[in-house]
Amino acid sequence: MLREMQLVWRFNRGHTDALREIYEQHKHALVTLATALLVDKWEAEDVVHDVFVVFLRSGGRFRLTGSLKGFLATCVANRARNRNKSKRNHTPGEAAATEPAAPDNERPDLATMFGEELRCVGGALAELPYEQREAVVLRLCSGMRFQAIARMQGVSTNTVQGRYRYGLDKLTTLLDGKLSL
Amino acid sequence: MKKTQDISQIFRQMRVPASSKLDERVHREIDNAVTSAATAPAGPQLTLGQIFALFLKRPSARYTLATTLGLAVLAALALIHSASSAWAMEQTIEALKKYRALHITGYVTRGGKAMPLDLWARADVTGNLVEAGLLKTEGATIWTRDNKTCGYDQTDNTVYVEPGITTFGGLNPWPGPKSLTVLTRLKDYKAFEGDDPATGRKRVVVTCSIENPGGPQLFGPQSLLLEFDVRTKLLVSSKSWQNSTQEGAPNCCCEKILYFEDLPDSVFDYQPPSGASFTNMPLTVPEASLSSLSDPGCGIPEQGMSREQACQKILEQYWAARITNDLARIRQLWPLTAAWPDELLRDVGDQDEIAQVLKIGGIERTGESKLGPLALIPSWVRSRGGMVLEVWLIVQFRETDQGASCVIYGDHGYALNAKE
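Residue numbers (this note's numbering), protein chains in the order written: chain H, 11 to 191; chain V, 79 to 498.
Next up, chain H with everything else stripped away, as it sits in the complex (with noise of 0.2 Å):
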């Protein structure tokens, strides 16, 4: 926590190496994070490029009251979930996130992006609703509490914790058999 709040006292006084620290300690979880959420590598890479340049711009005037990765997945998680809203309202028929995914044998980016032995799980996330997707991922990837999931859903804590029990569940059916859990 120290070193990060050093870190923010540096990029906000110009040292552009802060940033190219705080980037370089983030990055990978970052592109995981919207990789999971978006279940699309080059749209994700694009989300967290923008979070990064927002941050960067927030230079000189950036206040850090809590972790520097639960500040930075929630950027993510908010442009994520935009940019699936405009995915969505875009897309002709049925809404997106409801549209029952292409099996993951027919995506060959789903190992690109997950490697070969977690396709499935790129696959199964795929066909979960994205309140429930974005649900399971930040409590699973980033650890974010469900109190905090549920501020930035704008819905009850109780909505939450049923969006990731459920979501959880829907996964562990379509994955059944297909990992060696």
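Don't read these hints as lab results, they were simulated from the structure. All clues given are correct.
Straight-line Cα separation of at most 27 Å, BS3-like style, residue types lysine-lysine; simulated pairs:
no. : chain 1 : residue 1 : chain 2 : residue 2
1   : V       : Lys99     : V       : Lys226
2   : V       : Lys99     : H       : Lys37
3   : V       : Lys391    : H       : Lys95
4   : V       : Lys448    : H       : Lys95
5   : H       : Lys79     : V       : Lys99
6   : V       : Lys176    : V       : Lys311
7   : H       : Lys95     : V       : Lys99
Starting from the known structure of chain H, arrange chain V on it as the hints suggest.
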């Protein structure tokens, strides 16, 4: 329960590495943004932004014939052609051939306040573009260096840098033969010949108004009053207004224009005060262009591609359209040209006909407009004459009823002669 725990475990171990492309993009952004809490407060940027807006309006720059000063100079030269036999265009072009540099003194008006203007400029070897320039006005200095345009703002002791030589002081494109040819379409002028008792010389005063000097919607109407020396054929002073009826105070007044065969580099040297910080000029586009840029029928869909890929794709298509002179496709990709007559679009394209695309670069800089993210991308192309040009284009990403897509906003600065 066990399975749920295992899934949790899998998620915790999941790792999607950031690509080297993302690393490059983020590090480039960091390189570009020299942020300093002490030297770059958010507020004062506007001051220079306003000054840049005054001097360096660059929307669709190649096609924007000029802003205030350049417009005055160029319009005058073109108008003279029709005004009287004593002012034939050929004579004016011939007279200008002797000179490669200018010095202008006068003033510009901003928010009702007149600010002194002092401008030095030199044309490149082709005589079409500004190669070096130095412009000083109250609280700000703009100069060119290493194919960049820099602006120093005294209020925050900061130098704002733009890649390329943009519409330098409104003098780009330089009043050379190519620009004059385009400007021959200007109409609505009156010319009066008289004597100047102060100098004993004959002068011609030309008045005119132009409805859309910068292409569709970008600038409002302008009116001009230009004074020529009959003997030398050269423009000696000018005034311009941002209305079509010469009402109110002129927004720019060039009181004295001197011509030089050449000027040494030292004239354009400028060192900002010590302690000045350098930062990139924010990449943005004028609000007046947003309605054209938001046309859902234009551009290409972005979905399924990263921004880098979308930029590559739209620029490939744009250059292909330029090479084949496919005007409909150019208009579709570049919505600001949608209302331009074929003739104008073809003429402008002819200025440096492109034969081959050598390379389309990656995103060098990003910005934001009200429509969405902006990206600045260089391309290297070969003209039919064999010259290699470096052209910077701005791509606008936006969300429309048709989904996420991107369009070309226009050129950023002017094409530079590049080495292979």
